[in-house]
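Participant: Each chain is listed here by its residues.
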Amino acid sequence: EAGVVQSPRYKIIEKKQPVAFWCNPISGHNTLYWYRQNLGQGPELLIRYENEEAVDDSQLPKDRFSAERLKGVDSTLKIQPAELGDSAVYLCASSLSVNQPQHFGDGTRLSIL
Amino acid sequence: EDKVVQSPLSLVVHEGDTVTLNCSYEVTNFRSLLWYKQEKKAPTFLFMLTSSGIEKKSGRLSSILDKKELFSILNITATQTGDSAIYLCAVESGSRLTFGEGTQLTVNP
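Protein chains in written order, with this note's numbering: chain A, 1 to 113; chain B, 1 to 109.
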């Protein structure tokens with residue numbers, strides 16, 4: 001079974017530039033999550049999708065972050081404009097449904113210069 | 001606010017040692033507790049615990065949950081260098097997962 005696929009693996013940009021991350025969940029997984037993980041800390045939820053609907057985006061900084069999950073499969077997370085404090089690993093996870101174990105992708109490591 | 005606290009934050013042992021990692025939590029509407037292993041990349045799922053007192057086991061790893069005292073432990077026996085990783089505890093409350101900071105385990109040959 002193919003796992004959660006994320007791209008790119010690494011991204012280095014200057015502050016104020018836009019950046020986008022892409023996630024392809026495990027086939028058949030209806031629930032998709034985006035997390036941010038800072039160094040030395042556990043992942044923190046940004047947004048959760050049930051199919052194509054964002055059902056929990058309360059922790060997404062909506063002034064600069066946006067996400068979409070068209071057709072309820074792949075998802076993109078965008079930051080515009082990026083700030084120095086956005087440097088982190090952005091993890092995507094998926095699960096068959098909510099309350100099932102989440103399976104994570106390898107993440108995108110974002111560095112802001 | 002939901003809180004998950006792991007201890008110790010880091011641990012260095014020798015191959016063959018047994019280790020116990022701790023996770024305590026304060027959450028509303030507890031549903032389950034999960035353990036993940038994170039090496040350089042993605043956290044990989046280890047265990048999901050929902051009931052007190054029932055040990056989950058996979059090879060040299062085992063875990064148990066105490067819902068009365070609000071904690072869980074992860075045991076690793078006969079540790080190997082390949083066990084070196086960050087071990088993350090996460091608690092599901094409602095439909096949200098809250099992670100602890102993780103325990104960095106280093107197993108030296």
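Keep in mind that a hint or two might mislead.
[As the list claims (entries may be wrong)] Among chain A residues calculated to face chain B with C-beta under 10 Å, some are:
1. Ala2
2. Ser7
3. Gln37
4. Arg48
5. Pro61
6. Gln102
7. Phe104
8. Gly107
9. Leu110
10. Ser111
[Unchecked claim] Computed list of chain B residues with no C-beta within reach of chain A, every gap over 12 Å:
11. Leu11
12. Ser52
13. Val107
[What the hints assert, rightly or not] List of simulated lysine to any residue pairs, SDA-like, C-alpha gap at most 25 Å:
14. B/Lys40 with A/Ser87
15. B/Lys37 with A/Ile13
16. B/Lys3 with A/Thr31
17. B/Lys3 with A/Asp57
18. B/Lys40 with A/Lys62
19. B/Lys67 with A/Ile13
20. A/Lys62 with B/Glu1
21. B/Lys37 with A/Leu110
22. B/Lys3 with A/Ala2
23. B/Lys3 with A/Glu44
24. B/Lys37 with A/Ala2
25. B/Lys56 with A/Asp57
26. A/Lys78 with B/Lys41
27. B/Lys67 with A/Ala2
28. B/Lys40 with A/Glu50
29. A/Lys62 with B/Lys37
30. B/Lys41 with A/Asp63
31. B/Lys37 with A/Leu84
32. B/Lys37 with A/Gln80
33. B/Lys3 with A/Ser97
Just so you know, the hints here were simulated from the structure itself, not pulled from any lab data. We put the beta carbon where it would ideally sit given N, CA and C, even for glycine.
Participant: Looking back at the hints listed earlier, which ones does the structure fail to meet?
Facilitator: Result: hints 1, 2, 5, 9, 10, 15, 18, 19, 22, 25, 27, 28, 29, 30, 31, 32 break, sorted rising.
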